[in-house]
Amino acid sequence: MRRSVSIAGLAAILMLGMAGLGIGQKSSIAVAQDKASTVEVKIDNFSFGPASLTVAVGTTVTWTNRDDIPHTVVSTDDPKTFKSKVLDTDEKFSYTFSKAGTYPYFCSIHPKMTGKVIVQ
Amino acid sequence: MHPFDIKTIFLAKHAQHVVLIHFPIALFIIGVLFDFLSQWRKHYLLAAAAYYNLLAAAIATIPTVVTGLLAWQWELDGQKLKGILLMHLVMGCVSSLLISAVWFIHMKTRRKPEESLPGYRLPIEAVAAVFVAVTGHLGGFLSGVNGPG
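Chains as they are written, first to last, in my numbering: chain A, 95 to 214; chain B, 1006 to 1154.
Looking at chain A on its own, in the form it has when it is part of the complex (with noise of 0.2 Å):
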């Protein structure tokens, strides 16, 4: 009974433990992407993810393309306040937006596919 018991609050040390690190693990990343300003969007299976993006003045965002075939991230406004090349698979691109406002995009090889990115 007396063995079952420590095994028990070993157990439940263990697991506490084991928490613990998860929750300093999380804020640390969450403290790592606030200094680097950096927001990432994913290109997949034809979408953007997340498709809208609210961001603080300054920050950099990545585009980066995880599908099969190539795309672009071209915003709608004339002229382009941002346009990259042909994104291949893992490809990325990135633009810093400094100034506030909304900022509709879309992949000029399959214009089905928008996005937008507010920036506050």
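Calculated from the structure, these hints are not laboratory results.
Values in this document were obtained by computation on a predicted structure and should not be read as measured data.
Any given hint might turn out to be false.
[Stated by the list, open to error] List time: in silico BS3-like cross-link candidates among lysine-lysine, alpha-carbon distance up to 27 Å:
hint, chain 1, residue 1, chain 2, residue 2
1, A, K206, B, K1085
2, B, K1085, A, K177
3, B, K1087, A, K186
4, B, K1087, A, K179
5, A, K206, A, K174
6, B, K1087, A, K206
7, B, K1087, A, K174
8, A, K136, A, K210
[Unchecked claim] Examples of chain B residues lying across from chain A (beta carbon under 8 Å, computed):
hint, residue
9, E1080
10, L1147
11, G1149
[Stated by the list, open to error] Which bits of chain A does chain B cover? Going by a derived footprint, with three or more residues having C-beta under 8 Å, they are:
hint, stretch
12, 156-167
13, 179-191
14, 200-208
C-beta: ideal position from N, C-alpha, C; glycine also.
Start from chain A and add chain B according to the hints.
Just chain B now, kept in the frame of chain A:
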């Protein structure tokens, strides 16, 4: 999405290429089919049908290639292509040349009624059909016909 979505038509300057490409593909495949049937059935009407389909296919390749090249210049600023896009461009150009070559062989023979169509045209037509099919497959892959929505 609406099939006549104006936003898509104007935003995508290559939308016309995607529409026009179906004409040379369909006309060429039907032309080749008629030519193979004319060879088998020895019927001049089938040969004539093959010729006119191949002629129309060769003409239809012109706006298709032009809109494809313009899309490359306008949408992608003529940047150096690689991967599937480059393969599609090269295979599209080769397919267009082969379609024109097949039509030219037929046209040359039609000008000399005493001569019959050369036998070597059939393997050329078969190779051209493979090129057209692969180019179309790559184009479909690029345009996202397998994508959602």
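Hints and how they fare:
1. As the CA atoms of K206/A and K1085/B are separated by approximately 24 Å, the hinted pair is consistent with the 27 Å bound.
2. For the hint pairing K1085/B with K177/A, the CA-to-CA distance comes to about 15 Å; that is within 27 Å, so the pair holds.
3. Note on K1087/B and K186/A: the hinted pairing holds, with a Cα-Cα distance of about 16 Å set against a maximum of 27 Å.
4. Restraint check: the Cα-Cα separation between K1087/B and K179/A comes to about 11 Å, which is no more than 27 Å; the hinted pair holds.
5. As the CA atoms of K206/A and K174/A are separated by approximately 18 Å, the hinted pair is consistent with the 27 Å bound.
6. In summary, the hint linking K1087/B to K206/A is supported, as the alpha carbons are separated by about 23 Å, within the 27 Å threshold.
7. Annotation: proposed proximity of K1087/B to K174/A holds, straight-line Cα distance about 24 Å (limit 27 Å).
8. Of the pairs offered as hints, the one joining K136/A and K210/A holds, with about 13 Å between alpha carbons and a cut-off of 27 Å not exceeded.
9. Of the supplied interface hints, the one on E1080/B holds, with its beta-carbon coming within about 5 Å of a beta-carbon of chain A, less than 8 Å.
10. A cut of 8 Å between beta carbons decides the hint on L1147/B: the least distance to chain A is about 6 Å, and the hint holds.
11. For G1149/B, the shortest C-beta to C-beta distance to chain A is roughly 5 Å, which falls under 8 Å, so the interface hint holds.
12. Figure legend: the stretch 156-167 of chain A, annotated as covered by chain B; annotation consistent (3 residues with Cβ-Cβ distances under 8 Å, at least 3 required).
13. For a cut-off of 8 Å, the count of residues in the stretch 179-191 of chain A with a CB near a CB of chain B stands at 3, and the three-residue condition holds.
14. Judged by the Cβ-Cβ criterion of 8 Å, the stretch 200-208 of chain A is covered by chain B as claimed, because 6 of its residues qualify and three suffice.
Hint violations for this structure: none, all hints satisfied.
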